[in-house]
Each structure stands twice: as C-alpha cells, then as structure tokens.
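Visitor: Below are the chains, spelled out letter by letter.
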Amino acid sequence: MTTIGAPLRRKEGLAKVTGRAVYLDDITRPGLLWGRTVRADVPGGRLERIDFAPGPPWDEIVVVTARDIPGRNVVPLIADDQPCLVARDIQHREEPVVLLAHADRQVLARAVAAIRLVVTPAPAVLSLAAATDVLSELTLERGDLAAGLAGADLVVDGTYETGAQEHLYIEPQAMLAEVGEDGALTVWGSLQCPYYVRPAVATVLGLPEDRVRVIQTTTGGGFGGKEEYPSMIACHAALLAVKARRPVKIVYERGEDMRATTKRHPSRTRHRVGVSRDGRLLALETEFVLDGGAYLTLSPVVLSRGVIHAPGPYRWPNLRIRGRVMRTSYPPHGAFRGFGAPQAIFALEVHLDRVARALGIDPVELRRRNLLRPGDVMATGQPVEPGVDPLAVLDRALDASGFAARRAACDASNTGVSAVKRGVGLATFFHGAGFTGAGESKLASEAALRLGADGRVEILASSAEIGQGAATTHAQIVSEALSVPYEMVSPAVVDTAVVPNSGPTVASRTVMVVGGLLAQAAREMVDRLRAQAGLPRPHTPADFAVAARAYTDAHGPLLTRARYSAPAGWQWDERTLTGEAYAAYAWACYVAEVAVDTRTGETEVTDFVAVQDVGRVVNPVTARGQVHGGVCQGLGFALYEDVVWQEGGMANARMTNYIVPTSADTPPIAVVFCQGEASPSKGLGELPMDGTAPAVVNALNAALGAEIARIPALPERVLQATLPA
Amino acid sequence: MIVLDLTINGRLVRVQVAPLTRLLDFLREHQKLTGTKEGCGEGECGACTVLVDGLPVVSCLVPMGQLDGAAVTTVEGLTAVGDPGLQRLQEALLDAGGTQCGICTPGIVVTAHALLDARSRPTLEEIRDALAGNICRCTGYTAIYEAVRRAAEPVP
Amino acid sequence: MTSPVRWTRPQSLRHALQVMAAEPSVVPIAGGTDLMVLLALGDLRAGHLLDLWPLGELRGIDAAPDQTVIGALTTYRELATHPAVVERHPALVQAARLSGAWAIQNRGTLGGNLANASPAADSPPALLAYGARLELVSVRGSRWVDYADFHLGYKRTARAGDELIARIALAQPPGPATHFYRKVGTRKAQAISKVCLAGLAPLSDGRLGDVRLALGAVAPTVVLARQTAAYLNGRRVPEIDRVAARAILEAEIAPIDDLRSSAWYRRRVAGNLFEQFLDAIQHR
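Residue numbers (the numbering used here), protein chains in the order written: chain Y, 958 to 1682; chain V, 391 to 546; chain B, 146 to 429.
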C-alpha cells in the first residue's frame, strides 16, 4: 500500500466544495446569546470608571468586567502578563475591558455604544525608535567577528524594515461557550491549538482543566493568527456563558478582528557584511529588532527563530547576531507563518544582492560560493543533515526558471524606451521545521490511534485541520504504515475530551513531528495485531480487517499511543542558541520575475518559480497548495499589505483598505519539489513565506537599479526609489 | 416588514422580512442555508457570493427589499440541482487542490459556475479576472485556475 | 429596538418622484453597493429608503447616431459589455471594468455612483472626458446639466432634494481621437483609486483640438482639467512643453494625504499619467 506520495483528495474536501462544512458561525444553540467586547480605545492609561449610559435595556444585558473573573485574570502563555480583561492598567488600545451579551445583536450594538470608559491617559510608546523596554534578548555568535570584518576587502552595511502583517484568514475569529448541567464548560471554536485554549479557560474560570472541553470547528484559515488569540476569545465567551447561564457566541467583525488580534512582528534589521574581493562571505554583524507590542506573548520564541534564521543557509566563519524584542504600546504581535524567519530572511537575502552589487559580481554566483554544503556546520553548530545539498536546490531553481535567459530578456527589454521595467530576482533560504531546540522534548506530545471492529482506524491527535491538509496527510501516513486503504483511516474531531495533547498546530510540525508519532502508533498497532490477532506478515487490507475483528471481539477497540522523545545525544543550549536547533531543515530557492511601471511604481509579479527540498512529499496536491498559498501571502507581504497605525491602532482595518493579492495579482505559481523518496518528510507550511518577499524585492531592485529595503514595497515607495537621490 | 415572493434554489417562498435585511442574513438565519459565508460584510471578500437571476452578487450588499420576484441560487442550490458542469467543477476543485480552509470555496464555486455559464472555455486571463472578487488566503489561486480550466475541458 | 426603516417600492418613475417631492429626506437606493456598506459600518442615516431598482424607465442604453444615452440604473457590467459603448466610449468601458469585481459590477449602477459623489469613483473621470450631460428629473420636470457642473464640493452635488438622476448622455466622440483611461490602485483589481486620469484627444491635421482631460482622487471632487486642456488645444504633440503642461495640470489639482496614498504620490503620478496620455496621442 503506497499511500504516501499519492495525490489523494482531502478528507473534508467534499464538505467544503458543497458548502456543507460547519464553521463556528454556522452553529446555533437553544437560548444562544451573542457576545461583544468593549475595548480600551486609548493606547495607554488607567481605567477609573465604567459608565453605562441610559438607553439600552441594561437589565436584559449580561455584563462582565474584570471583577467577575472567578479565577486568575490572565491569559497564560510564556509569561502570565496579559490580562483577560483590563482591571486598571491599559497597555494598548485594543485591550478588552467589558464584555456584553444579549440575544439581539442590534440591542448589543447599542449597548456597546452606550458604554463610556473613564480613563486617565498615560504616555504610549508608538515607535520602535522610542521603545526602551526590552522584552526579550538573544545573541548568536560564532568565530571572531572583529577579525572577520578587519580581514574583509569590503564591508557592506544595510538597514531593512518589514511591516506588521495581518493574517486575514477569511473566517474571522469565533468562539461559542456553553455551561453544561454539571457546571462543566464546553467551548467550540475556530482555532489551531485546543490545548492552549483549555488551560487558559480553566485558569480564568478557576476550574480544573478536566472541567473544560474544547472542540475545534471547521477552521477557515489560521496562519498563526489562531494560535494564541483564540484563548482570549474563548475566555471571554466562557465568562459570559457562566454569568448568563446560557450559551454565548462571539464572532468578531472583520474590522474588530483586524484591529484587535495579533499580526506579524514589524522588524528592523541592520546588517554589516564583510566579504573578500572574490565573493567569500567572511563576517556578519546583525542587529535584529522586533516590535513585540504591549505584552510578551510568544515574542521570545519568535525572536529565537528569527535570530537562528538570520544567517541564512550560508557559511559564515565569523558572525554575531543580536536580537531584541522591544515593548511598545501596540496590540501584541504574535505568531504568523514563518514566525520571525521571514523578517530575518528578507533582510539577509536583499542585503546579499546589495553585497553582490557592491562587489560587482552576479548575486547567483555570490550565493553559489557561500551556500552551506554537505558536511558543513551551521551558525548554531548543527551540521547540515546528510543527503541534503542546498547548491543542488539552487541549480534546480536556476534551471526550472530558465534564470539566465530570463535575466537576459529582462535586461534587453530594459534598454528600450518603455516605462515598464522588468527584473528577475531570487532568494536562497532554509526553514527549521518543528519547535526550536528542546521545545519538542519539553512538550512531549502524544498521538494515538483507535481501531474499531469494522477495521476502521481513527486518528486521535490535537493537530487542527486549518486548510493545510493535516487530516489528509495524517491519514495517508497512517494508512501507509498500517497497509490499509486511505478510506479506512480518518481523523477524530479535535476535541480535548477525545484526542490527546499532540501539541499546537504550528511550527511546520504537523507532518514531521505528529505524523511521526502517528506512524509509530501505527507500527505498534500492527505489532499488536500480529502478536494477538494473527495478522500475517505481510498483510493485505482483507487480512487487516479480519485481524481487527478478531482483536476487537476479544479485547474491545485497540488503542495504541506514541509519545515524543528526542533522539539520543541531542543537545541544545537556549541561552547561546547552539546545538541541534531543529530536527530538520527544508531548503529552497525561489525566483520571481516582476514588471514595474516607473510612471506609477506599480509592480506586477509576472512569474514565480518555487523550488524546495522538503524531504518526502506526503501529498503532492496539499504540499503544492502550501507553497502556492505561502507564496501568495509572501507577495502580499512584499508588495501590498500595509498596516497603517494611528494613535496605536490599525487605521485601515477594512478589507477595502488593507490590500491583499487577488487572482488578478497572482500569476500561476510553479512549484518543484526536489527530494529523494527515501528522505523523511520535513516541515513545509512556513517555508514559502520566508523566501518570497526577498525574491520579489531583489527582482524589483534588479529591474530599477534601486535599493528598496523596506516592505511592503508600495507603489509610493517604489516610485520614490526610482527618483535620483 | 414587507412581504416578498422569491425563489430560493428553485423553491418559491413567500417571506415577511425587514427590507434592509441583508440577503446574506436571510439565507443563513432565516433559510438555514449556511453554505454562504460572511468574510467581511462590505462586499470585498466574495465569500458570500450567490447568484441573483443568474448573476453573481455579494449577498452582504443586497437588501431583501430589492428581491421581490428574484431567483436566488446558493452553493447548496447548485449542488442540489445536480448540474453536471458544477459537479465537474467541484470534482476539479478537489483534484487540483482548489479548496484548503474552505471558507471562500462556496463563493468561488458560485463565481466559477457563472463564469463557465458565460464562457465555455475561459482563458487564464478571463478566469483571473472573473475571480478577482473572491479573495482566497490559502491557495494562492493557482489550483483554482487549474480547476476551472479542467472543469471547462470537453467531456472525453 | 431601533425604529424600523421605511421602504418604498415605487410603481413607476412618476410615483418615485412624488415620494421624493413629498419627503425630501427620503434616500434613494439603486444597486446598494455604497449604501449597504454604510449600513455595515453603522453609518447609514436613513429613515426612509426609496428603492429605484424596479424602475424600468431608468434602465437601458440607447445608442442614437449622435449620442449614447445611458439609463441611470445601468450596471457597470451592462455598460462594459454593451457593443455601442464598447465601440464609442472605450475609456468608460475600462472604468466600468475596473469598478470593483464582477459581483459588484452586477449590482453597482452608473447613476448611483454619480449620486454617491465619491471623488475617487472610477467612472466620473471618463464621463467628464466624454463631456457627459445628466438628466435630472423631478415632479417639477426634467433638466439637463453638464456633468462638469454637477459636483459642487466633497460629496455635494447639483441634484436638488426632490430630483433623481434619470439618464446620462454622451455625445458621439469626433472621428480620430485618442481615448485614454488609467486608474492606479495598489493592486490590479478591486482597488480604490489613488489617482485616475481619463482623456479624450481629438486630433485634426496633427493638431489637438477640444481635448478633455479629467482626474479622480486628486481633489475633493473629480476634476476637469480645463486649463491644461486649453494649453494643449491647437498644438502638435511634439511641440508641447511637457514641463510647462505638467505645471498647469498640477495647479488644477489639490491632492491630499489619506489612508490610501500621499499627496506627493498623487501629484507626481497625475503628472506621469498625463505624460502617458500625451504619449498615447503621439503614438496613436
């Protein structure tokens, strides 16, 4: 049975193309109330009083403030610094202060408008330049930086900036909470991490965790945006439901979702690169700064991933990367596909093109001379895994995109009088799959399989299907390991009453880590059936069905489990960022071609080729889909997606004004996977987000002979860049 | 409140409704047709696209007051009718990977259906143009282009 | 509960005009693509809506030999696909094709767009370039106004409280002429204009005459650039002093910084599009 590698249809696909898939907002419950959130609306201050203006029928409206919190007023994450509701201090403009519930949304809207918060304003920190409070700090060092720079023929400096990026999943955040007759809570929601939501709700409600049940509904996109913030909304819905003694549903309106929930951390990177005349990279000095917003949330982990990815897939005999996350008065920035790596890789890859220009050598050649090779050691001290050759990935990309001919054609076209200039650019990069360092060991994820009498196998894992294909790839992995048809394997609903904690659905770990656990549980299932139910070796699907019947008749359903443990000998020092940073890396080279209208600064991406080594591809359709989607989000990150901040809030929080790529802006994206069938599957979901923006900006700079160093490269910025200095 | 007669997925209904009620809310809450999704509420994302008298419209911007005598078709209606072209489109979306999280998919199905009605063999440019009002944040559109092209291929 | 909104579905245009006359605060609604967004944002201030959608009298395109008369309820899609409009008024067709996406184009109407009076709307520059005239009707009768005189200020128009826009008339453009339209947004589709320029440039004996040039999103209203046109008229394109012409154009606009762009960008791009227009004339 070779299921792995087959282009099988996604498990929940039919429900999705017929409109039958059930998302949170499609659910209703008897006696349902709607919940709304009143926010601080000032970037800093002290809450003195909450006034309820007359008008709305207050006796019918359920009102929750910080005083109503039975447990601890905190949304637990790395540090317990973020309150669930403001008690006194306001740290950013979108902090929740009052929760309201009513059966009629129009009444609720009037009630929201009738609440006045009396606040003594306090100063706010509204720029990275003004920020002084360091939330988190890390340094990665190797060799002797000063000596490396001193020995360089040329030292090239550059500063790069990336903006906040909104996830813009098309299904807004949504939660429904209900208290059962026994007082236990059930929360349904659009989410990535059920086992983040459960402890959060238990903490805030003051309940033991086993009295809280979290069930994922069909989730209309996440991209990291439904990693940490859903815990906040679940707590709000639960507080209202407990007070109201009725089920409460909170669905964010688009504007509220855009303003209040997390975005990608804005970044500023300063690079100083020392290089020899013949194009050998000798030294890298980097200052990598992220805007963390008002609370710590996940910023330390975003920072460590950013710092580890900052040197890119190159040999650096000497380097020092200093990373910092600064506290500002913006809503906390958080997880977003790539998790710090896209910011770091953007800066390095655009800078390398600048170095190549300064040296007068081909940017392809600069990369060729410095890419890590088999046997090399990365900045963290981790060796390049065997069987991987980043240079081969580069060559494949040059070949697949016809890079040389394409560049010649662009150059030829640019000598003409046309106001439209063309350019081609590339980025070579890697992405570490799974949690950084000891993260997986600490988490010790679990996954399980359950075999029923009918021979059907149920996957028990907390990995949420959020569109990425988790349900499908997991079923393929299990089907292959059990040698049973794909149709016989299906994932259980992600429900904390049913599935164990397989960790969050993040960090490109779903196939590599959780898939690995499932394969292990499957092997154990086969062993048990061989030992106890006469399953022959090898077996057919029919044999499996017979054995399943025999086993379950005798013992009931067969449950097998696996728990993660790190390979022997793995070392990781989280202070110095040295050791085995990631279980595996995916390697890639992306090529973008652009046409820029120099009259308007408008950029069209005319072609895009994405080549990567992600190990063995479990499902070519879903894998390609991950690349297509990541590249498209990368195009938005590179060219369009601009969060306009005013007084600490997002001023353009409408889809009319926050611009993401449409089909008219997105060319068909060519995807190539180059890997041996024998190599294990590595993480994929985040990789395409990393290399797209630098490939596009390098193409832009090639087209214009410009030095664009800040994204999004909006038409305004591009036009500015074309002007003589 | 006003009284209207309209056809929903081929079924004639008489309803009493506030005239400014959005067609989207009427479908989802009154008719329990939840296949039509709300993504933005201001006509930008296309997740709520339905057909009114055969033409795609964003149902979040259509007030019920304007629908007396109209024929409304949602993704459920297209599926139930058993239109072979549509089923091919759905099959093609599944095979090409044109749906991921799925929240935009009903709108994409409705728009692509209307495109294939208007143009039996649309070009890539026509597909990209027709779908420009249906924002998809997952697929990067590439697999959707492929699915629409496949659905338009002559039946072998 | 909020007080219910009144909704009137008129039996005829005459009936609609009687309602307009009797109740000046009534808000007419055409395709709803602007008003329903206001409703979503909580900004729709209307106690009584008058539904124009059923009024067949306001639909249809009449292509007479000397002019094209467009019913106010014509949708962008109808406009963009009408053979006579495609042939005679390609700049307006382009504007209609770029107004929102397909699903919006099936609902948004030309008359509604003009009544809404957004300075960033896509069709108005093209209508100005084509010298459109509007028919305003009321119980008091009908009057035709030059569209160039219709917009009085930001979201203020010459439409009286009891009037409806009934028809838009475009004269048949003169024989050899350059029709130009370009809208600049951040992305290629479904974008709100940052700068838009439409132009009609008839050429006879190599000289420009009766040039009409209009811009959107660069002032509180759409702008007909009369001085610039006056400068161009009578000249041959190669003789035009582009620096001087750009200076005249820039004096006719008043762009601002807002969420969508900057005054600097709008001014510069307006000038660049103007030069593209000149190039288009030259290379016709």
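It cannot be assumed that every hint is accurate.
Coverage of chain Y stretches by chain V, computed from C-beta distances (three or more under 8 angstroms per stretch; other residues unrestricted) [unchecked claim]:
1. 963 to 970
2. 980 to 994
3. 1090 to 1104
4. 1117 to 1127
5. 1239 to 1253
6. 1421 to 1435
7. 1621 to 1630
With beta-carbon atoms standing in for the labels, derived distance ranges [to be verified]:
8. B/Ala166 with Y/Gln1063: 50 to 58 angstroms
9. Y/Ala1044 with V/Glu516: 53 to 61 angstroms
10. V/Gln406 with B/Gly187: 20 to 28 angstroms
11. Y/Glu1244 with V/Ala408: 27 to 35 angstroms
12. V/Glu516 with B/Glu168: 29 to 37 angstroms
13. B/Ser349 with Y/Ala1369: 50 to 58 angstroms
Think of the hints as simulated: they come from the structure by calculation, not from any bench. The C-beta atom is built at its ideal place from N, Cα and C for all residues, glycine as well.
Visitor: For every hint, state whether the structure bears it out.
Guide: Results for each hint:
no.: 1; hint: 963 to 970; result: holds (count 5)
no.: 2; hint: 980 to 994; result: holds (count 3)
no.: 3; hint: 1090 to 1104; result: violated (count 0)
no.: 4; hint: 1117 to 1127; result: holds (count 4)
no.: 5; hint: 1239 to 1253; result: violated (count 0)
no.: 6; hint: 1421 to 1435; result: holds (count 4)
no.: 7; hint: 1621 to 1630; result: holds (count 4)
no.: 8; hint: B/Ala166 with Y/Gln1063: 50 to 58 angstroms; result: violated, 32 angstroms
no.: 9; hint: Y/Ala1044 with V/Glu516: 53 to 61 angstroms; result: holds, 57 angstroms
no.: 10; hint: V/Gln406 with B/Gly187: 20 to 28 angstroms; result: holds, 25 angstroms
no.: 11; hint: Y/Glu1244 with V/Ala408: 27 to 35 angstroms; result: violated, 58 angstroms
no.: 12; hint: V/Glu516 with B/Glu168: 29 to 37 angstroms; result: violated, 45 angstroms
no.: 13; hint: B/Ser349 with Y/Ala1369: 50 to 58 angstroms; result: violated, 38 angstroms
Taken one by one, the earlier hints fail for this structure at numbers 3, 5, 8, 11, 12, 13, listed in ascending order.
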